[in-house]
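S.K.: Chain residues, written in single-letter form:
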Amino acid sequence: MSLLETRDVVVDFPTSDGRSIRAVDHVSISLKPGETLGVVGESGCGKSTIARAILQLIRPTSGSVVLNDLELTDLKGRELRSLRKQMQMVFQDPRGCLDPRMTVGALLTEPLRVHKLFASGERKLRAQEMLERIGLDARFMSRRPADMSGGQQQRVAIGRALITNPELVICDEPVSALDVSIQAQVINLLGELQRDLGVALVFIAHDLAVVRHISDRVAVMYLGRIVEEGPTDELFENPRHPYTQGLIASIPQADSDARDRLQTAQRLAAGDLPSLLDPPSGCAYRTRCAYAQESCSKEVPTLREVPNAAQRVACDRWEEIQAGEQLEARR
Amino acid sequence: MSAALLEVNDLRTEFRTKDGVVRAVNSISFELGAGEALGFVGESGSGKSVTALSMLRLFGPFTDARIKGQVLYDGRDLLKLGGNEMRKIRGREIGMVFQDPLTSLNPLMPVGQQVAECIRLHESVSRDVANRRATELFELVGIPDPKNRFNDLPHSFSGGMRQRIMIAIAIACKPRVLIADEPTTALDVTVQAQILLLLNDLQREFGMALIMISHDFGVIAATCDRVNVMYGGRIVEHAFTEELFRSANHPYTEGLLKLVPSLEQRRGEQLVPISGQPPDVFEMPRGCSFAPRCPHVVDVCKEKQPEITTLGPSHGSACWIAEQRRLPR
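So the sequence lines, in the order shown, correspond to chains A and B. Read in this note's numbering, the first sequence has 643 at position 55, and its numbers run on one by one without any break. Read in this note's numbering, the second sequence has 46 at position 42, and its numbers run on one by one without any break.
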């Protein structure tokens, strides 16, 4: 049974000139308890918006979001607030979400106080436990955010999200503001906490290597839609959608083929992202796709199961493209 | 490499701030040959950007920066040049591209004019000629429909296109050196690949030397022949890029390469983080700046700063135990 299920979630935003843009376009995902789903894509693909739509921080224009058989889009006010202890969020910039005047102790006990969890005397104990879990020593209880590094602040933000013992935590670019040596520490911490506490994660990031490292399954988004989704290793080893292929080829890697791969990247993902105000008809990726044809402009491809695999891909021609590439390679 | 185009000797940059003295760059020396691509890799605060800014003396009047050492370009010491002389170097001999094109471009000036302005500043050509060359440059850097976009303002371009405009300005006078400071950090990965490819192509076409500054080893791998690894304001290791990936010597380099998750790495493998925090810029450790975080630290590391130990034709490591670490591990 799934913990979280979204069905055809759509989020439209009005623009100042009276038009509207569709930031999230019919997104359906599901998440089992304790599972980690990575969501990747470039800026404007809707990955942060879907995160907020799941938590009802932004109300979806249409579609449904079900957490533990409960339809969240119908809930409001107190009902929704009381559910927040089960679904938490970690944001990119810890400075923006930690009150600079509060001590770490106060920051960690606040969620317990708000949700009336534990007796007031016991809350400090829980905070101390959490402090240890997030790898900070007891002296940190009395420190304030300004006295901590970015990595330590992010640990506190993660501790705050986990202290109510949620079933679902959504992490939106949780390590992209951190230096690489600190990134690894925080990624390892998230992995450990997830294993120990059995919490389900939606991990949103633009960095594919980080997502590959932490996710059970990955969804690739482009211009508001999921274009491909599947188990992590399968998706990275055998990407079917031309966009996923382009995205993977674009990642600069520290090895001797790095220069040559840039050519492949440019071929598979040419040009710029189109504007959300004027998205292409049919397949949104066709303006950058190396394999685009006339027919791609007609209909929006739906996410379809790949035969004999757990992957889903939103390209009607992926089999034909793959066969063509194989033929090319044999020549 | 006797015919180095650029030779930096014992470069030191300090900032006087109200909280104390920051030694951002601490005795850096390196050479750059004509047409060569050299990378600087390191985390924030390692001094890689300050090195570039010091070479071109690009600090504003309100920054109390003291730059010492030598920056020899074609035999002339850039640190000794007067203001007018220096202005002839910047943009004409050495071009620079920054991370954020939006703050580098004038928001109220048509982009074509910004390129033409740069040409007319350095060369006595007519407005028409400068404009024509600007249009050609747009074509060269891959801006679609360059004639019609000449009069557009920066805000109407995407981030990738703006960076292409910055590159057009930087190469407008065919400089012999291009310094690119995190030129793709603000861009999406697919656009990043395009910009790196463009820089590679331009470098080859013009025989231009390139200094690429990045926190990302992948970006350096895709663009550079040689690389300097920076930590705490110093070069801790230098090598040919491929050699560095094969046989990193300095414990910091080794740590940095290990902790970056790679695409081949399968899920669940623990990353090996470097423990602790980067050094405090106000209070650099007395010995090796990496000693407090180093898993291989020995007594001498805490006392004295290590000099570079030469390990090969172009490989050196500033580590007290570089020789021992060189043995097959």
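Keep in mind that the hints were calculated from the coordinates and are not lab data. Don't be surprised by glycine CBs; every beta carbon is placed ideally from N, CA and C. Incorrect hints may appear among the rest.
The calculated label-pair distances, taken between Cβ atoms and stated as ranges, are [as the list claims (entries may be wrong)]:
hint: 1; chain 1: A; residue 1: Pro621; chain 2: B; residue 2: Leu261; range: 34 to 44 angstroms
hint: 2; chain 1: A; residue 1: Ser618; chain 2: B; residue 2: Arg136; range: 41 to 51 angstroms
hint: 3; chain 1: A; residue 1: Lys886; chain 2: B; residue 2: His159; range: 29 to 39 angstroms
hint: 4; chain 1: A; residue 1: Glu913; chain 2: B; residue 2: Ser33; range: 43 to 53 angstroms
hint: 5; chain 1: A; residue 1: Gly684; chain 2: B; residue 2: Thr21; range: 18 to 28 angstroms
hint: 6; chain 1: A; residue 1: Val702; chain 2: B; residue 2: Asp149; range: 48 to 58 angstroms
hint: 7; chain 1: B; residue 1: Ser130; chain 2: A; residue 2: Glu825; range: 53 to 63 angstroms
hint: 8; chain 1: A; residue 1: Arg683; chain 2: B; residue 2: Val276; range: 44 to 54 angstroms
S.K.: Take the C-beta atom of serine 130(B) and the C-beta atom of glutamate 825(A), compute their distance, and say whether it sits inside 53 to 63 angstroms.
M.R.: 58 angstroms, holds
S.K.: Taking the beta carbons of glycine 684(A) and threonine 21(B), is their distance inside 18 to 28 angstroms?
M.R.: The hinted range 18 to 28 angstroms holds for glycine 684(A) and threonine 21(B), with Cβ atoms some 25 angstroms apart.
S.K.: Is it true that the C-beta distance of proline 621(A) to leucine 261(B) lies inside 34 to 44 angstroms, as the hint says?
M.R.: Given about 36 angstroms between the Cβ atoms, the range holds.
S.K.: Does the Cβ-Cβ separation between valine 702(A) and aspartate 149(B) fall within 48 to 58 angstroms?
M.R.: 55 angstroms, holds
S.K.: Using the beta carbons of serine 618(A) and arginine 136(B), state whether their distance is inside 41 to 51 angstroms or not.
M.R.: The hint (41 to 51 angstroms, Cβ to Cβ) is violated, given that serine 618(A) and arginine 136(B) are roughly 58 angstroms apart.
S.K.: Return holds or violated for the Cβ distance of glutamate 913(A) and serine 33(B) against the range 43 to 53 angstroms.
M.R.: Since glutamate 913(A) and serine 33(B) have Cβ atoms about 48 angstroms apart, the given range 43 to 53 angstroms holds.
S.K.: If you check the beta carbons of arginine 683(A) and valine 276(B), does the distance land in 44 to 54 angstroms?
M.R.: 27 angstroms, violated
S.K.: Given a hinted range of 29 to 39 angstroms, is it respected by the beta-carbon distance of lysine 886(A) and histidine 159(B)?
M.R.: 34 angstroms, holds
The structure fails hints 2 and 8 (numbered hints given earlier, in ascending order).
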